[in-house]
Structure formats: structure tokens, C-alpha cells
Amino acid sequence: MGKDLIQKSVKDSLFTGIIALALFGPIVGLRTVAKNEVLVVEPKWLVVLLIVIFCAVGRFFINIYTFKKEQRRGESSSLGKAIAHFLDEKGAQIAIGAIAFSIIFPFMPFADRYWMDIAIMMMTYIMLGWGLNIVIGLAGLLDLGYVAFYAVGAYSYALFAIHFGWSFWICLPIAGLFAGMFGILLGFPVLRLRGDYLAIVTLAFGEMIRILLLNWYELTKGPDGLTGIPRPSFFGLPFKRYPDEGVETFHTFFGLEYDPMQRIIFLYYLILILALITNAFTIKIRKLPVGRAWEALREDEIACKSLGVNPRNTKLTAFAVGAMFGGFAGSFFATRQAFISPESFTFIESAIIVAIVVLGGMGSQTGVVLSTIFLIGLIEVFRDFESYRMVAFGGAMVLIMIFRPRGILAKRKPTITMGKHG
Amino acid sequence: MSNTLLDVQNLTMKFGGLVAIDDLSFSAKKDQITSIIGPNGAGKTTVFNCLTGFYKATAGSMYLNKDNNKMDLKKFSDFKVAQKAGVARTFQNIRLFPQMSVLENMMVAQHNKLMVASGFSILGLINSRSFLQKEKEAVKISKYWLDIIGLTNRADDNAGDLPYGDQRKLEIVRAMCIDPHLLCLDEPAAGLNAKESAELNKLLKFIKNDKKTGILLIEHDMSVVMGISDHVVVLNYGKKIFEGTAKETKNSPEVIEAYLGTED
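Here the protein sequences line up with chains A and B, keeping their order. Just so it is clear: in the first sequence, position 143 is 125 by the numbering used here, and no numbers are missing. Position in the second sequence counted from 1, then plus 1296, gives you the numbering used here.
The following block holds chain B by itself, in its conformation from the complex (with noise of 0.2 angstroms):
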């Protein structure tokens, strides 16, 4: 059980009428990549928005196990998500900041520390020597992570500028800069080509297993969700209809009816 990573319970969404996420159970485990699949409209982007404090479920419960210690995560609004829980997302339309450089994108992302160490600007004004030596860790945190998607070269050309594939390894490697417990990521292979997909697989294995971050996938490019998923849950019309392995899942009869329609 301490190797749950977040545990939710019947979590219930209603927008008026219809029910988006209907009664929905699972869990995700440390050093695990977690993927919720279903065809379009299942509700896949409900349940993150939920998870991340965009939106107040209507019902249930979501626990995130950080350091052993059992955090609600219904208590946190928006950005306290992020801040307090240490939960990070990316969206399935890229959310970059287009009109700051690669290198300012990664150091918003931290910015609560950097908001401390600069004395809540009063230490950044004075340029005091802490405040430049935490700036410095900051910029090598960022330069650590844009080696690895390749991208230091770039660092001070705008974000808006890159080619898709390489924002949306920004996107993920700025997510990854807030330090998270949970990376939850919105659809990440989304139009990437072959190759792209591939060096995305690397990336994500990557932070599973050297990182030790969990991490919760939406995608609907089966090469990424096989290829990489230790555990599958599938939504159909809000509900859970399957979980299990990537093998079981590609293999199970709800999974194929619900994608493919039944044979009569």
C-alpha cells in the first residue's frame, strides 16, 4: 500500500445533467506509468482537470501519497495543486510561454523557490549574494534538463519558436523543473512523428525510472500507451470499463468493444 502513489475513489464530476466522470476508482503507483485511455469524450481530461485543481469534483476522494504522508487533494485549488501537492500537468494544447525564451519558460516553473530565495523581491532588489547563488542552481537545474531533450542550444530563443515536437518536450521538462511527485500528462505524443514518439518513450522512462516520479497519461497513440504503460485503465462514457497491463488491456473484449463497436 505505500507504494501507492495517488488513490482515488469514486470520483464523481457533474457539469448540470451530464455526468463526465461517473463513479471512478483507481490508483497509480510510484515509479509507475500510469495511462487512462478511452475513445474521445470518455471524460480522460475531466479526471486531470479534477486531479489538478481545475475543477471541484462533485464526489469522492483523491489521496496522493507524498513522502508517507496522505495528502487530500480536494483540499488544494489550482495552483496549490502544484505548489503544495507537488502535482505538475501538461495540456494536449500546448501551453508554452510563446513570447519568453525556452530558458525563462523553465525558470517560472520555479519560481515558488525562487520567489523565497529573492526575499519576495525585497533580497532580489539589493542583488543579495543568496539570491544569486539560488538563481544560479536554478539556471543549472534548467540547463540539466534541457540537455537531456537537447534543446540548451536553443535556450535563449523564444519558446513560440521551436518546432512542435520540441515544445512539447519543453512543456514536459518544465513541468518536470516544479520538482513534482505526479506528472500528469494530457495527450504528450499528440502529433509527434515516429521518431519523435520514440525520443518522447525515452524521456518518460527517463523520469519514471531515474526521477522516481509517477507519472499519469492520457494518450490515445497506442505505440506510446503500449510501448511504456505499466498499468491501463480505460474509460468509456465517464466510467471505468477496464484496468489492467498494456498486454491485458489491447487483449480484453470491453477494450475493443468500446473502440470498435460490438459485432452482432
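With the rest of the complex left out, here is chain A (with noise of 0.2 angstroms):
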């Protein structure tokens, strides 16, 4: 077995190199430089010589490692079972001691504006991380469009803030009602689509979406954005530093000096309890009877129909549900920025927000949390490698994808037990 492992390995590496040569020969290897006004070849066979021979040994452990686990495929590596073993066991006490550090994280003596802003963001892709987990992770429906209920939530939120004038928390709600009704209307023509075929369609409602709000000028000023957006108050108290006449502000109705910091660490706990409250509402509703349905209808939808359950209603309000709190990130979002436009809800949004739902292991709450620092912490640490920033973040997912197929957390507890109620 061992001779045969290192035989087989060499073979493949050997190959890897080939085609590493093949592809870095031309591109690395043959360079062209201006030379006295001429185009010549200049060749630099030892860097493609370096490429390839990493490749090679690179690809030799890596077949050690799986030609090895190869009678165990599909099963996930020891590290990272140990990992969920440990997350499994002490969940309560992690997810506890989290909510504890997030609460007094602005506190901290480290935690200046780069972090705050940081955790700020975090925070937003948690909370639709959550938001998408309901429609990915527990129904089963790949939504590739999951950023248009946000950019809908954003701009119903902006619109209504700054023509009619009211409140963040009136707002709010209607923010959610809006995007919770793009979510059935999306729902609708997508019904009796499974799989790929999903995934095309709503990849296209939010580029639909984005399009929209672009070309719709009289309304969402197109591509100049809406601006002005009204900023939080923290109970009808403002976060000003020179109030209009007569208005008390933050600062002076609590006696402090004014700091821009406090208006980012009210963001902060906004945002904190919006993600939270996602999350109890989702592990809530999903030990009651639509959320079984759901996870039922990603399972088998022609057993449930067997059954009598209702897959046009169970499917939309997955939808439904989930594109609201994407439209309650969404209203943050705005409110936050005080200035969007349709650059801020692209495709890429969404990839992210659906990787890190995929990575963190479909359904598993405490697995988006896990992946969003992973993912999102990796493109800030790579913030000064910028032309790098990408590269690191689909080999962070290749990683997962290796070593966790099935995302970081892919252990499912079962909604309701008979040891509790037997």
C-alpha cells in the first residue's frame, strides 16, 4: 500500500507538472520587453522552473494526504471533525461567551474606528448570512439573488426616510415588508424550478433588481445615488455635534463631550441586536411546523406533497421570510452609509453571502458566524495586498471545500426529540 501510495503519487505529480509547464511556460516564461525601441522575447525559465517544481511537490502531498484518505471520502478530516466535535459539545457556553465579547467589544482598548467599522460590517454579512440561511440552508433553495431583497431594503428604507421624514424604526418595518414582498414575487415565478435551474433565475432577479434601480432615475437617481439619508437617533436624540436650534443631542442629554465614536457604537449595537434577533427568529421558527416544512422540501418535495404539505405556500414564505431580513440588513445599510447607489448591491454581494452560508454548512447558524470571520476577516487582513485580496479568498474556499466538503458546521440537530417529550 505505502509503495504503491508514493508510486501513484509521483506519477500524478510528475503530470501536474506537465501541465503546470504547459500553462506557466508561455505566460510567465516568455516575456516581452521594450529593448531600443524593439519588442524582444525575453525568457525567464527560472521563475517558470520555480512554479513548476512547487507545483509538483505541492500536488505530491496533497495526493499523500487523499490518496490516503481515499477509502474514507466524503468523510471530513480529523481537525475538523475535532472542531465540530468541540463546537458540538460546549455550543451553549461558545454561543453565550460570543454574544458576551460582541456586547463589550466597543469597549475594548484595541477596538478603534478601523475595528469598529470592521466588526460594523461583519456584523451586516452575519445578519444576512442568517437571513439567506433560511432560504439556502433550510429550504433548499439556492437564491443567487439574495443582494436584491438587501438593495430593496436599502432603498425603500432611504426613500421613505428622506421623503416622508420618518423614523428609523418606523422605517425599518416597512423596509422588511417591502423586501419580504420581493421575496414572493420572486417566489412566485420560480416555484417549479429545482436546483441550477433556481439558482440562473434568481442570479437574475438581482441583477434585475440592480438594473432597475439604476435606469429608474426619477425615483432612485440612478447611478448618483441617494444621499442624505437620515442618520439614527438614539431615541429621537441625535448624534450631532452642532444640533439645529433647540435639539437636544446625544452628548448633552447624557452629559458627555461629543465623540464621533458613539454614533459608530450605537451602529454597532443596532446591527447587534437586528442579527440577533435573526437568529433567535430562525432557530425559533425552525422547530415549529413551516420550519420542519421547509427542511422537509429540501429533502424530498414529491414526499411532501404525498403528505399533504403545501409546497407553493412552504416555499414562499421561505422566500418571504428570508428577503425580510435581507430588507432589515438592507434599511442598516442605508442608514449607516447615509449614501447608496447601485454599486453596492452587485453580484458579488450575493457570492459572498451565499459562500459564506455554503461554507459555514448549510442550515448551521453558528456556522455562518464562523465562515463570516473566516471570509470576511481574510479579504480585510489582505486589504494592503489588494490584486491579492480575491485570490485569497477562493483559496480559503477551496480550503473548506477540501478539508469540511460539506461546510465548517455540517452537523444538523434534530428539531424536537423524543427523549424530551417521551
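Rather than coming from a laboratory, the hints here were simulated on the basis of the structure. Be aware that one or more of the hints could be misleading.
[What the hints assert, rightly or not] For each label pair, taking beta carbons as the anchor points, the in silico distance ranges come out as: (1) A/Ala374 <-> B/Pro1394: 33 to 39 angstroms; (2) B/Lys1498 <-> A/Tyr47: 50 to 56 angstroms; (3) A/Arg176 <-> B/Asn1505: 51 to 57 angstroms.
[Stated by the list, open to error] Cut-off 20 angstroms, straight-line C-alpha distance, at most; resulting in silico cross-link-like pairs (SDA-like, lysine to any residue): (4) B/Lys1370 <-> B/Lys1430; (5) B/Lys1376 <-> A/Asp282; (6) B/Lys1491 <-> B/Asp1452; (7) B/Lys1380 <-> A/Ile284; (8) B/Lys1430 <-> A/Pro396; (9) A/Lys269 <-> B/Leu1419; (10) B/Lys1409 <-> A/Glu283; (11) B/Lys1507 <-> B/Asp1443; (12) A/Lys266 <-> B/Ser1323; (13) B/Lys1439 <-> A/Ile398.
Only a predicted model underlies this, so the values are computations on that prediction, with no experimental measurement involved. Every residue, glycine too, gets a C-beta built ideally from N, C-alpha and C.
Join these two chains into a complex; the hints should help.
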């Protein structure tokens, strides 16, 4: 077995080397340089050699690892398993610890403006991930246009706040409602579609909404975007250094020095609360009949029909509820930025959210948090190496898919157990 | 006549030029097991798909006698047949929810009544006491059936992890959870060994006698068919070629011909 394994691996890595040579030879090895106003080819064979050796050796080690694993393919690696087991055992404590940490986070000594901004961004993605988890993780409907609902939420919040001057807490549910309605709107035409076809249509839907926002100039100001979206206030107390005449601000009311961080911290707690509401709602609804029907629909739609479960209503509620949370997150985004334009709602956003859900382990709430920290954190760490950011992002996804093919946390807990009831 | 549970008249199903069921008439009685048998491709499963709303029959009528109410099954499309008329079915290739636990499978089958009890999720979200009560009752019903097939101790395991024979039985009792008037079983004994077949017979007899639920059965396993059927309908090429008791069927020359061919 051992000798056979090495032989196989060597063969395979040699083959990899040949492919690498064929690919990188012309791309990297031959470079045109302008010399005395004449283009000449300057070979760089040393670099090519290094790349080829790197590929071949890397492949050799991957091979040794995966060939050994051949007989238990589909099972996860022991390290990943240990992590999953640990999270499973100590799930409740970790969750409480994580929530406690997020509550005291703004008062950490290192939590400056930069860290707070990252934390707010991560929290937004976590909330979006939790929202999309209802659609993809529970109901099994691959939705590649989730950003559309984020956009609908953001724009409906912005438009209501600008034109009617309503406060954040009135506009928030309206924005959620609008996004939910769009969820149903998307749901109807895709009721009969599954898998790849569903993914294509939802992707197109996401683009449609973006293009609509881009071209409906009278309403959305098109590519110029909407400016002057009201900032949220703390129960009517605005965060302003120089308030209008006769208006009390947050810092005067509490007798504090004015500090722009106060608003950031408030925004942080706002998104934290919204995200936790999303989480609590999902955990609860999963245990209700409708949540179980979502999961059953993901497992087998025909069996659902034979048991009298209405697949249309079940799917539409999943789309609507998921979209509603996207809308909530969108209105938070609008109030935080005070400026929105269709640029913020491109396909890559949908892709990142889907990646978060899938890599986290479909249906796993904790998994969403872990993969958000991992992916968004990675993007941030690589901020200085701009052009390598997406490479790192892609690499991270490949790694997770190799070591945890079903996501970081793939284990599913039953929604009801006999032990508790029997 | 009031004893008739299902009355099928002149049922015809065509797929383009292919006539899968040709002018089929039969009836099934309450608290009886009616078997539909026939060689491969005779149209047995198509009959089921018409009855349970998965196909729309080309012609003919199907009436279900539900508490002395004549219900036209043709009026219901797919999931409504189970929801409104109370016709449950199982599938030739088992269709459980493999990644969900055994108990969850049973709970999904009680979806419609739990959905109402949860106030379409609103009462459920606020933990209303009436919903929790109803949920407890649903678990009790699940436990009742799981006790019968001896799977209570595996209630929290994934349904997909059960042995094949247990999956078959689970699919049947899951169908019973919707409280059906008519239970349609598509080859429930396929792939079972002799011992498991015997257990299946016992389960079906229990459903028939104690639950007073009519059973319509498609089966290839003759030991099952002959052992428990009260009434047998034999199909060949979409046509009914014989109808009678199990004993009569066994000795019928037409049936023997359909299965074994003729002696020249």
C-alpha cells in the first residue's frame, strides 16, 4: 500500500508538473520587453522552473494526503471533526461567550474606528448570512440574487426616510415588508424550478433589481445614488456636534463630551440587536411546523406532496421571511452609509453571502458566524495586497471544500427529540 | 354500496399515443385490502399516480367515499389529495426525509393540523400553550406508531441511517400519520426478506382491522398478495384482465397466461 501510494503520487505530481509547465511556460516564461524601441522576447525560465516545482511538490503532498483518505472519502478530516465536535459539545457556552464578547467589544482598548467598522461590516454579513440561511440552508432553495432584497430594503428605507421624514424604527419594518413582498414576487415564477435552474433565475432577478435601480432615475436617482439619508437617532436624540436650535443631542442629554465614536458604537449595537433577532427568529421557526416543512421540502418535495404539505406556500414563506431579513439588513446599511447607489448591490455581494452560508455548513447558525469571520476577516487582512484579496478569498473556499466538503459545521440537530417528550 | 371506499370508473390515462391505462374500472371496499397486480409495465403505478393527483387522468372518474361523502378525486391536485381527501401513499423507491430524524419525519406528516395549531406560526412564535399542547399530542401519535413498528428507541436518529426494512415500515406509518381514509402502498414488500415480509403483513392487517383504513396495494411479492389480500385486481397492458379473491386469482387461466405466457 505504502509503495503503491508513493508511486501513484509521484506519477500524478509529474503530470501536474507538465500541466504547470504548459500553462506557465508561455504565460510567465516568455515576456516581451521593449529594447531600443524593438520588442524582444526575454525568457524567464528560472521563475517557470520554480513555479513548476512548487506545483508538482504541492500536488505530491496533497496526493499523499488524499490518497490515504481515499477509503473514507466524504468523511471530514480529523482536525475539522475535532473542531465540529468541540463546537457541538460546548455550543451553548460558546454562543453565550460570543454574545458577551460582542457586547463588550466596543469598550475594548483596541477597538478603534477601524475595528468598529470591520465589526459592523461583519455583523451585517452575519445577519445577511442568517437571513439567507433560511432560504438556502433550511428550504434548500439556492438563491443567488439575495442582494436584491438587501437593495430593496436599503432603497425603501432611504426613500421613506427622505421623502416622508419617518424615523428609523418606522421605516425599518416597512423596508422589511417591502423586501418580503419582493421575496414573494420572486417566489412565484420560480416555484417549479429546482437546483441549477432556480439559481440562474434568482441570479437574473438580482441583476434585474440592480438595473432597475440604475435606470429608474426619477425615483432612485440612478447611478448618482441617494444622498442625505437620515442618520438614526438614539430614541430621538441625534448624534450631532452642532444640533439645530433647541434640539437636544445624545451627548448633551447624557452630559458627555461629543465624540463621533458614540454614533459608531450605537450603530454597532443596532446591527448586533438586529442580527441577534434574526438568529433567535430562525432558531425558533426551525422548530415550528413551517420550519420543519422547509427542511422536508429540501429533502424531498414529492414526499412532501404525498403528505399533504403545500409546497407553494411553504416555499413562498421561506422566500418572504429570508427576504424580509435581507430588507432589515438593507435599511441598516442605508442608515449607516447615509448614501446608497446601485454600485453597492452587485452580484459579488450575493456571491459572498452564498459563500458564507455554504461554507459555514448549510443550515448551521454557528457556521455562518465562523465562515463570516474567516472570509471577511481574510479579505480585510489582505486589504494591503489588493490584487491578491480575491485569490485569498478563493483559496480559502477551496481549502474549506477540501477539508470540510459539507461546510465548517455540517452536523444538523433534530428540531424535536423523543427524549424530551417521550 | 355504502361499504365501497373507492370507486374507479372507466379510468384512462394516455401519454401522447401511449395508452398506459385503458378504461379501467374497479372498486375497493372499506376495511379491505385490495391488491393491484400485474407484470412489469402493466400500469399499476400509473393508477396510483392518477389516484393521488400526481397525474391528471385523461378520462374516467374516481370517487372516494369519505364518511358517506362522495368526493371526486379528480378535483384535487397533488398535495390536496392527501390534505383534503385523506388519501396517503408510499413510493416504490422509498421517499423519506433522510437527513431528518425519524420523529421529525412523523411530525412533517402531521404538518397541516400542526400548522393550524401554531396559528400559521404566529401562536408558535410566542410559545402559545395550546400549540405546545397540540405538539405534544402529535409526538404522542408518532410514538404510538413507532412503538408498533418497534422504532421508538431510534426516534432521534436520521431516517436515512435506518436499515432498509425499517425505512419501508417507517414510510408506511408516516403515511398513517395524516390519518388517511385510503392508504395506497406501492410495492411495500420490495427488497424485504421473509421475516420482514411477515412483519409487514402483520402491520397491514393491523391497519386494516384496528384502524379501519382501506388499503390499496401494488405488489409483486405473491406471498404478501396471497397472504393478506381480500380482493385482487389484475392488470396487463393497462387493462383489467381479472378481478376476484386471492384464491380465484391464483387459479385463473387469464392471470397465469399474463404472467407465464400461453402454451401453444
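Among all the numbered hints in the text so far, which are the ones the structure does not match?
When the structure is compared with the hints, numbers 3, 4, 6 and 12 turn out to be violated.
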